[in-house]
Amino acid sequence: MVGRFLLIVLTLGLCTFVVRPEMFEAVFQPFTQNDAPAIYTQTSLLRLTLSHLALVACAVLASTIIAVALGILVTREFGREFLPLARTIASVGQTIPPVAVLALSVPMMGFGAAPTLLALFLYGLLPIFENTVTGLTNLPPNVIEAARGVGLIRRQRLWSVELPLAFPMILAGIRLSTVISLATATIGSTIAAPTLGEVIIAGLLTSNSAYVLQGGLVVGLIAIIIYEVFSSLEHSAARRLGFQMDA
Amino acid sequence: MHSDTTSLPRRRITLSPPGVVFAVIGLAALFVPIVTFKPNRIVPGDGVWITTAYDGVAGWLIVAILALLFLTGALKSLPPAVRIVAALAGLLGTIVILGHVATSLIADSARGARVSPAAGLWCMLAAYLLAAVDVLNRLELSLRARWMVLAGTVIVVVLVFASGYLANVSVMMEYAGRQAGFNAAFRQHLVLAFGSLGIALVIGFPIGVLLFQVNGLRRPVLGALNLMQTVPSLALFGIMIPIFGWIAMNVPMAAKLGVAGIGIFPALVALLFYSLLPVVSNTLVGLTGVAPEVGEAARGMGMTNAQVLARVQIPLALPVVLTAIRIVLVQNIGLAVIAGLIGGGGFGTFVFQGLNQSAMDLILLGTLPTIALALVAGTTLDLLVDALNTSPRKRSAS
Numbered sequence: 001m002v003g004r005f006l007l008i009v010l011t012l013g014l015c016t017f018v019v020r021p022e023m024f025e026a027v028f029q030p031f032t033q034n035d036a037p038a039i040y041t042q043t044s045l046l047r048l049t050l051s052h053l054a055l056v057a058c059a060v061l062a063s064t065i066i067a068v069a070l071g072i073l074v075t076r077e078f079g080r081e082f083l084p085l086a087r088t089i090a091s092v093g094q095t096i097p098p099v100a101v102l103a104l105s106v107p108m109m110g111f112g113a114a115p116t117l118l119a120l121f122l123y124g125l126l127p128i129f130e131n132t133v134t135g136l137t138n139l140p141p142n143v144i145e146a147a148r149g150v151g152l153i154r155r156q157r158l159w160s161v162e163l164p165l166a167f168p169m170i171l172a173g174i175r176l177s178t179v180i181s182l183a184t185a186t187i188g189s190t191i192a193a194p195t196l197g198e199v200i201i202a203g204l205l206t207s208n209s210a211y212v213l214q215g216g217l218v219v220g221l222i223a224i225i226i227y228e229v230f231s232s233l234e235h236s237a238a239r240r241l242g243f244q245m246d247a
Numbered sequence: 001m002h003s004d005t006t007s008l009p010r011r012r013i014t015l016s017p018p019g020v021v022f023a024v025i026g027l028a029a030l031f032v033p034i035v036t037f038k039p040n041r042i043v044p045g046d047g048v049w050i051t052t053a054y055d056g057v058a059g060w061l062i063v064a065i066l067a068l069l070f071l072t073g074a075l076k077s078l079p080p081a082v083r084i085v086a087a088l089a090g091l092l093g094t095i096v097i098l099g100h101v102a103t104s105l106i107a108d109s110a111r112g113a114r115v116s117p118a119a120g121l122w123c124m125l126a127a128y129l130l131a132a133v134d135v136l137n138r139l140e141l142s143l144r145a146r147w148m149v150l151a152g153t154v155i156v157v158v159l160v161f162a163s164g165y166l167a168n169v170s171v172m173m174e175y176a177g178r179q180a181g182f183n184a185a186f187r188q189h190l191v192l193a194f195g196s197l198g199i200a201l202v203i204g205f206p207i208g209v210l211l212f213q214v215n216g217l218r219r220p221v222l223g224a225l226n227l228m229q230t231v232p233s234l235a236l237f238g239i240m241i242p243i244f245g246w247i248a249m250n251v252p253m254a255a256k257l258g259v260a261g262i263g264i265f266p267a268l269v270a271l272l273f274y275s276l277l278p279v280v281s282n283t284l285v286g287l288t289g290v291a292p293e294v295g296e297a298a299r300g301m302g303m304t305n306a307q308v309l310a311r312v313q314i315p316l317a318l319p320v321v322l323t324a325i326r327i328v329l330v331q332n333i334g335l336a337v338i339a340g341l342i343g344g345g346g347f348g349t350f351v352f353q354g355l356n357q358s359a360m361d362l363i364l365l366g367t368l369p370t371i372a373l374a375l376v377a378g379t380t381l382d383l384l385v386d387a388l389n390t391s392p393r394k395r396s397a398s
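Chains as they are written, first to last, in my numbering: chain A, 1 to 247; chain B, 1 to 398.
By construction, these hints were calculated from the structure, which means they are not laboratory data. Even for Gly, the Cβ is constructed at its ideal location relative to N, Cα and C.
Computed spacing ranges between beta-carbons, pair by pair:
| hint | chain 1 | residue 1 | chain 2 | residue 2 | range |
| --- | --- | --- | --- | --- | --- |
| 1 | B | 77 | A | 66 | 26 to 34 Å |
| 2 | A | 33 | B | 214 | 38 to 46 Å |
| 3 | B | 273 | A | 53 | 21 to 29 Å |
| 4 | A | 50 | B | 186 | 38 to 46 Å |
For reference, chain A alone in the conformation it holds in the complex:
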C-alpha cells in the first residue's frame, strides 16, 4: 500500500527524529506559543520510544503464546466442549473498549507500567485467539484428509499441516493486537506508564501543540510501519502457501 521505498524512507526519518529530535526544532517552532520549547526534553524521545515498543512487544508476545495455545486446545478433540463459549467470549470481549480494560486494571495493579502491560496482554489475547480458531477450523478438508492418508499422527498433523496453513490468519491476529496495543499503550501514560503518550499528554496539559504533534507523529509512524511490515509478512506467508489473499 505504501510501497517498500516509502516505508524505508519513513523508517529512516523516524529513527533520525527519535535519536536527534533537536535537528527538527525549526519544523515544530511555528506550533509553539510564548516561546515555549518546541521539542520535548523532559524524557528523551528515544527512551520513551524504546519503552513504548518494549511494553507492546512483551504484551503481544505473551498474548500470542497464550492465545495460540488456547486456540489449539479448543480446536482439539478434548477441548471441543469449550469452543462455542470461547468464541463467544472472544467476540464479546472485543466489544469491550481497550481503554476500559486499561482503567479497570489500575485497581488490581496500581499505577505505572504493570497495569498497562496487563491490559495490553488481556486485550491482545482476543484477536489472536479468534484468528487462531478461525484459521484452525477453516482448513481445507481434503488437505487434512491427505495428511491423515499419508500416515501423519495428530501431533504431526498439527505442527506440519494445520499450524502452517493457519499461520497467515494467526499473523493477521497478531497484527491487529499489535496495532491496538500501540494505541492503548499511548493511553497508558495517563496512568504513569513510560510511553510516548507522555509527550502528547504533556502537550495537552501545557497547550503546547508542538509536543502533541511530535508525540502523535512518532506513535502514528510506528503504527503505520508496523502495520505495513506485518501486512507484507502475511502476504508472503500466504503466497508461500499458494493462497490468494484480498486487500
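Put chain B on the given structure of chain A with help from the hints.
Chain B only, in chain A's frame:
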C-alpha cells in the same frame, strides 16, 4: 447438547467441562471477600466475606445455596432450562446479597463510609453469567428468542439499578453525587458515538459508491483511510486540537460554524476519521458482492445505470453496510472515552478524573456504562445484521 448422552443410561450424571471450570471459579470465589468496606472514599478498605457479613449458620447456609447453584449449572445431564434458571438465580442472588450487605454495613457506620464490590463478587457474577451464556450458546436460539434475551437482560439490569436497591454500593453513591454530570456525560457520549457515525455515513456512503464506479480511485482512497485507522487514538485526538484551534482563529467563518480547538468538536472529527474506513470499504465490498447477473437483468428490463445502482445494487449491498455500522458504533463508543482526556466530554471524563484521583468508584462510574453501552449496541446490531442476512436470502434463494 444431549445427542452424545442419549446412548447412556438415563439417570447417569454427566458434567459439562466448561460448567465445571465456572463452578470451580465460583466455588473458590465464595471464600474470597465479596465486598470491601472503607471508612471513607480514598483509603484502602477491609475485605468482607459472606460468612463474616452473615453470622453463624445464616452465612454458611447462603454459601451452601450459592455453591449448589454453581454445581447445578455444571450438570450436563440436567435439562438446559434448569441449568439456566440456576445460573440466573445465582446472579440475582449475588446482587441481592451485594445490596443487602452494603445497606447493612452503611447503616452501622459513620457518614462517608463506602462499600465496594470486591474480587469475590466479580468472580461469582462472572462465573454465573458465563455458565448461563454457555448453556444459551448450545441451545441455538431463534432470532426472535435472542431479541427477547437481549430485551429481557436490558430490562432487568435497568430495573435493578432504577429500584435503588443498590444505592448503598459505592459506585451508586458516586452516581448519586453526580447525577447531573452523569446524565450530561451520557448525552455527550451518545452524541460523540452516534454523531460521528451519522456524519461518516453521510460522507462515506457516497465515497463508497464513487469508488465502486471509478476503479482507479480505490487503492489511493482506501490506502489513505487505512493509514488513518492505524494512527493511535490519543495521537489523532491530540492532533485535532491544534489543527482546529488554528482553523478557528484564522478562517473567518469557521468559529461561527462551531469549529473550535476545544470541546466536543475535535473529538467528533477524530471519531469521524476512524469511522470512514469501515463505512467506505464495506459499501464498496457490498456493491461489488452483488452478482453481475442481477445488474444485467435489471438493465435488460430497461433500467438506466443510475436506476440499477439506486434500486438494485445499493439495496442488495445494505446488509454489508450494516456490518460497518456495527463495527463503527462499537469502536466509537470505546474511542469516545479518549474524548474525556481532551475535554470532549462523555464517560471518559469520569474515567480520567478517577484515574487522576485514584478513585476506583469514579473509574467504574465511567467504564461500566461504557462497556454496557458497547455490549448493547454490538448485540443489537449483530441481531439486525442476522435479521437482514436471513430474510432476503430466503426470498431470493441466493
